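Protein chains in written order, with the numbering used here: chain A, 5 to 297; chain B, 112 to 426.
These aren't lab readings, by the way, just hints derived from the structure by calculation. What you are looking at is a predicted structure, and each value in this text was computed from that prediction instead of being measured. Even glycine gets a Cβ: it sits at the ideal position worked out from N, Cα and C. One thing to keep in mind: the hints can contain errors.
[Stated by the list, open to error] Chain A regions said to be covered by chain B (calculated; three or more residues, Cβ under 8 Å):
{"id": "1", "segment": "92-100"}
{"id": "2", "segment": "230-240"}
{"id": "3", "segment": "271-279"}
Letter by letter, the chains look like this.
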Amino acid sequence: MEGLVPLLQNVTGGLLIGGIYALIGVGLSLIFGVMRVINFAHGEFVAIGMYLAIALFADLGLDPYVSLLIALPAGLLAGWLIQRVVLARLIDSPGDSTLLATLGLSLVIANALFLLFGAEPKSIYLPYATATVNLAGIRLPVAQLIAGGITLAAIAGLWLLLNRTEIGRAVRATAQNRLGAELVGVNTRRVHALVFGLGMALAMAAGVILAPLLFAIPTVGSSYTLKAFVVTVLGGLGSVPGAIGGGLLLGVVEFLGASYLSSGYRDAYGLFAFLIVLLFRPQGLFGRETKRV
Amino acid sequence: MSYLRLGLVALAGLAWFLLLPDYRTLGINLLLLAGWASAWDLLGGWSGQTSLGHAAFVGLGAYTVAVTSTRWDLAPWWGALLAMALAALLALLWGKLTFRLRGSYFVLASIAVAEILRLVAINERELTGGAVGLFIFDLKEPFGLDLFGRGVEFWLALGYLVLVLAIAAFVTRGRLGYQMRAVREDEPSAEAAGINPEAVKLWAFAISGGLTALGGCLYGIVLSALQPQPLFEIHLSVRIALVAIIGGRGTLLGPLVGAALITVAAELFRNVFAEANLLIYGALIVIVVLFAPSGILGEVHRWTVRRRYARGARG
Chain A
5 MEGLVPLLQN VTGGLLIGGI YALIGVGLSL IFGVMRVINF AHGEFVAIGM
55 YLAIALFADL GLDPYVSLLI ALPAGLLAGW LIQRVVLARL IDSPGDSTLL
105 ATLGLSLVIA NALFLLFGAE PKSIYLPYAT ATVNLAGIRL PVAQLIAGGI
155 TLAAIAGLWL LLNRTEIGRA VRATAQNRLG AELVGVNTRR VHALVFGLGM
205 ALAMAAGVIL APLLFAIPTV GSSYTLKAFV VTVLGGLGSV PGAIGGGLLL
255 GVVEFLGASY LSSGYRDAYG LFAFLIVLLF RPQGLFGRET KRV
Chain B
112 MSYLRLGLVA LAGLAWFLLL PDYRTLGINL LLLAGWASAW DLLGGWSGQT
162 SLGHAAFVGL GAYTVAVTST RWDLAPWWGA LLAMALAALL ALLWGKLTFR
212 LRGSYFVLAS IAVAEILRLV AINERELTGG AVGLFIFDLK EPFGLDLFGR
262 GVEFWLALGY LVLVLAIAAF VTRGRLGYQM RAVREDEPSA EAAGINPEAV
312 KLWAFAISGG LTALGGCLYG IVLSALQPQP LFEIHLSVRI ALVAIIGGRG
362 TLLGPLVGAA LITVAAELFR NVFAEANLLI YGALIVIVVL FAPSGILGEV
412 HRWTVRRRYA RGARG
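Isolated chain A (complex conformation) (with noise of 0.2 Å):
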């Protein structure tokens, strides 16, 4: 029993952060299963919510998870606008171009944020959320709390809108069949703004959790990018349970990984796992043959 209430403590820890990864991999693969882009940016979204958190914060006292209300209108815009006048070119282009191009509006983000805040790390003291709850002998700090009920709310409203709701049943539909879907009339342009949207929303929303629990840098996008590789191939891409699944996965092996193995090399077992399921299991770890939403 000794071991026991370290590694649960380990495991509450792992799911907490785990559920804000499966929150920023939702977005990334519900983009790659509507629209067939794999979008490098994700990452960089997420360091926008967090360095708008942190603005709004500094300059106005607002409250992170208040600013939750202007982040996330705010990164369904951006999406739209990016789709719109970047992705929405490209859609029907060959080869790995619409990879390229996200791939140069990452690093535009992450330089714009560079000469926009500096260099210098920032972050978001919140007296509150530095308290811990004590349950049964595991400490849970208060903000980790409060982004998993984010996360979890995040993601039920999601799945709500996919599978509820007549936009839902658009979107699954160019998931399924771009072609098809036009035929029965749906707006498959108008479905792709509002999908990349919807996946900007929620990273933001993820950067604005993520404020008062760590530092922020403005490269730090581009290691969220990759975690959310990880997450939606460890799920299999283009599935958005899985991506959940996939993001759970992922943080209870960092913090068990990190407590109990080598600390240097925590970032190599994602990335092996990531390989290995990509080389033998490319559906994914949950995943059936078919690549659905």
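Got chain A sorted already, so can you dock chain B onto it with the hints?
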């Protein structure tokens, strides 16, 4: 025709050396970047396999020269040969493993492999010095030349670029070059025509990796203080790939044009952007993807070919 262009590149390098003595370090960086991008282009452009992991070969080259010269007292040219052999071997293993993946999946796998190699370089302290890195103090002097002098390094970098371009010209005009293009355009059709796509891609990757590592050796000597962070980093991989794509994939001089454009632009705007110099890469690649999908030289080629046909049709 292409050897004439190689001569012009060498002449331009000579002119840079004589006319811009204050910008030799910039010139070395430009020549090395152009050489890496040209080597990348053999795989990424001519064979159509976009890699975002070529920094691994740069790091491998630099570290091999550092380890062999400081630990085993080996002359740097033997170190460079060893580095090229190791890089070709690494490329063969890497390709054998990941060439079954297509398109974006291959790109993602290349990032993962390069990241794992970076983590190995940071963590295997006995071999690489870990995060602190390695230092190259003194090197054997071929014909009494000091390899740490900026002038000598400039000539070596120019020689490296001309060598890469010559090999690229030779390879792409030969049988392998036609096979590489066939695999790029349509793999099943190439296979139906009797080409072994995997073997072609492996050859391209091995040559590309070996040549990139040779540039890495030179870069290691130029830096003389090696750390895993700038050498193995994904940003270097991204720069190598984007330079070639912006200049024009699958053209002999495209990577050089891309490298020259970006290096000179970064130098001109150095005070404005400070360390945010990757902004230029990002903005340029978005513009190129949207408006000039074949890259700068690729679009020029298309335009001249179209004009030639138009003139031919008029009689």
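Here is what the structure says about each hint:
no., hint, verdict
1, 92-100, "holds (count 5)"
2, 230-240, "holds (count 3)"
3, 271-279, "holds (count 6)"
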